[in-house]
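Protein chains in written order, with this note's numbering: chain A, 49 to 298; chain B, 8 to 225.
What the hints contain is simulated information worked out from the structure, not anything from laboratory work. We put the beta carbon where it would ideally sit given N, CA and C, even for glycine. There may be inaccurate statements among the hints.
Not everything, but these chain B residues come out facing chain A in the computed CB check (under 10 Å) [said to hold, decoys possible]:
no., residue
1, E120
2, Q121
3, S127
4, G129
In silico contact screen, one side only, chain B against chain A (beta carbon under 10 Å); selected entries [to be verified]:
no., residue
5, A124
6, K221
7, I223
8, L225
Below, in silico cross-link-like pairs of lysine to aspartate or glutamate (EDC-like), each with a Cα-Cα straight-line distance of 20 Å or less [what the hints assert, rightly or not]:
no., chain 1, residue 1, chain 2, residue 2
9, B, K132, A, D123
10, B, K222, A, E180
11, A, K236, A, D208
12, A, K82, A, D208
13, A, K184, A, E226
14, A, K177, A, D123
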Amino acid sequence: MTDIVMEARNVYKNYGKLEAVRNVSMQIRKGDIKLIFGPSGSGKSTFLRCMAMLTMPDKGEIYLGEQCLTKPGVDLNKARARIGFVFQHIYLFRHLTALGNVELALRQVLKLPKEEARARALAALKEVKVTECMNKYPNQMSGGQQQRIGIARAIARNPDIILLDEPTSALDPELTGEVIDTLRDLAKEGTTMLIVSHEMPFAREVAEEMIFYDEGSIVETGTPVHFFNGPHSERAKKFMTRIINRTTRE
Amino acid sequence: MDFTHTIIFLSEGVPLTLSISIISFLAGIAIGLPLAFIRAYENEVSFVVDAYEKIFRGIPEIVLMLLFFFGLGLYFPFPFGNAFFTAAFVLGLRSGANQSQIFRGAIRGVGDEQMIAAQSIGCSKWQAIWHVMVPQVLTFSTPGLGSEYALLIKDSSYVWVIGGLAEIMTRSIWLKNVPPYDVVTPFVFAALLYIVLTFPIALWLDRWGNKRKKKIGL
Chain A
49 MTDIVMEARN VYKNYGKLEA VRNVSMQIRK GDIKLIFGPS GSGKSTFLRC MAMLTMPDKG
109 EIYLGEQCLT KPGVDLNKAR ARIGFVFQHI YLFRHLTALG NVELALRQVL KLPKEEARAR
169 ALAALKEVKV TECMNKYPNQ MSGGQQQRIG IARAIARNPD IILLDEPTSA LDPELTGEVI
229 DTLRDLAKEG TTMLIVSHEM PFAREVAEEM IFYDEGSIVE TGTPVHFFNG PHSERAKKFM
289 TRIINRTTRE
Chain B
8 MDFTHTIIFL SEGVPLTLSI SIISFLAGIA IGLPLAFIRA YENEVSFVVD AYEKIFRGIP
68 EIVLMLLFFF GLGLYFPFPF GNAFFTAAFV LGLRSGANQS QIFRGAIRGV GDEQMIAAQS
128 IGCSKWQAIW HVMVPQVLTF STPGLGSEYA LLIKDSSYVW VIGGLAEIMT RSIWLKNVPP
188 YDVVTPFVFA ALLYIVLTFP IALWLDRWGN KRKKKIGL
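Next comes chain A alone, as it looks inside the complex (with noise of 0.2 Å):
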């Protein structure tokens, strides 16, 4: 046994010429935070979503603890029940109030009693701090509350791990901050995630483990200390300089 959650191996993954992912692997262990960034268009979320295998990759291999993903006939369903994802854009089923969203998962895919479904909706919600809009539609809600939503729906089914794809960057900073808190707040009760953010504070509080992403593929891994006392490559050098400019400037 490891503890190894998830893990992907030598991962492509090319839109025509663009190469999204090239030769991506990376090891996440039960507890772990990481942090992905680096510039945008960089293929950050292509690696997530081929990660949770919502897009399938051209090469490589993802495994789901022991569980290789990219072999045929795997049921990628049952994987992907096992995998919470939120999206940059939150994704909410619109025609669903709050609760009914978190709810989906619990009584179709883990067929779950009407009451069971219910309760752990409803503990869902109020972990993300949202049970005052359980009834509302998300085209009612702030982009805050939908997000906040967004993560309630992922952690409802006690997933192995969570992929957080830019959680806040279509935000306002006021919403932002209600939603790095419940991050926050998953990220003390030891919840296993993989993060592409640039909130650099919330990394620097929380992440295990930064990765510096730039054109398909990592150029440098480390500690928050590490990328914020100086990186090696002049790519993440440069990164984190307008990064950190842009941040203190806010």
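Got chain A sorted already, so can you dock chain B onto it with the hints?
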């Protein structure tokens, strides 16, 4: 026959006009919705859907009606010898072709992200379609469905060619053919009845759809 008799006689055709139209409308949903999703998500067989749409949108209803009732009915008296069945069947097939196009546009409007989000929580493709796409696609389609319903009410008048179904149009033609051979009043009343049957429901569907769309931000 005076005015009152004419209007009563024609109005008695309303239930039949309505049931032919509503049944073929529902059949159209049952055919069009799966076809639209097959067209959207199963590339290998989408040519079948295209062919179906081309055929049933390309042939006049009246030709289909005669072909199915007199042609197929000759060899398969059950079920095509039954005028009501054949009328609803033919209009349903045609409506299925129309509705497939309406739903296809709606699927595009709802967006692929909803599908991906549903798959991200562990839903299979068909669960995602049923629980996430279909409810939104139906809401999105309301204006198109409203005009499709109106079209079916009007097209149900073609069933007079196969005879034996006492809906509004068939009744108007009967009236025209009996003394005093009035060729105006029955058709004026028929026209009014058709407007009453189409307009309010199509309008209501459109309003309901808009309200719902606003609520869920579609």
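Outcome of the hint check:
| no. | hint | result |
| --- | --- | --- |
| 1 | E120 | 5 Å, holds |
| 2 | Q121 | 7 Å, holds |
| 3 | S127 | 4 Å, holds |
| 4 | G129 | 3 Å, holds |
| 5 | A124 | 4 Å, holds |
| 6 | K221 | 8 Å, holds |
| 7 | I223 | 4 Å, holds |
| 8 | L225 | 6 Å, holds |
| 9 | K132/B / D123/A | 12 Å, holds |
| 10 | K222/B / E180/A | 18 Å, holds |
| 11 | K236/A / D208/A | 16 Å, holds |
| 12 | K82/A / D208/A | 14 Å, holds |
| 13 | K184/A / E226/A | 18 Å, holds |
| 14 | K177/A / D123/A | 33 Å, violated |
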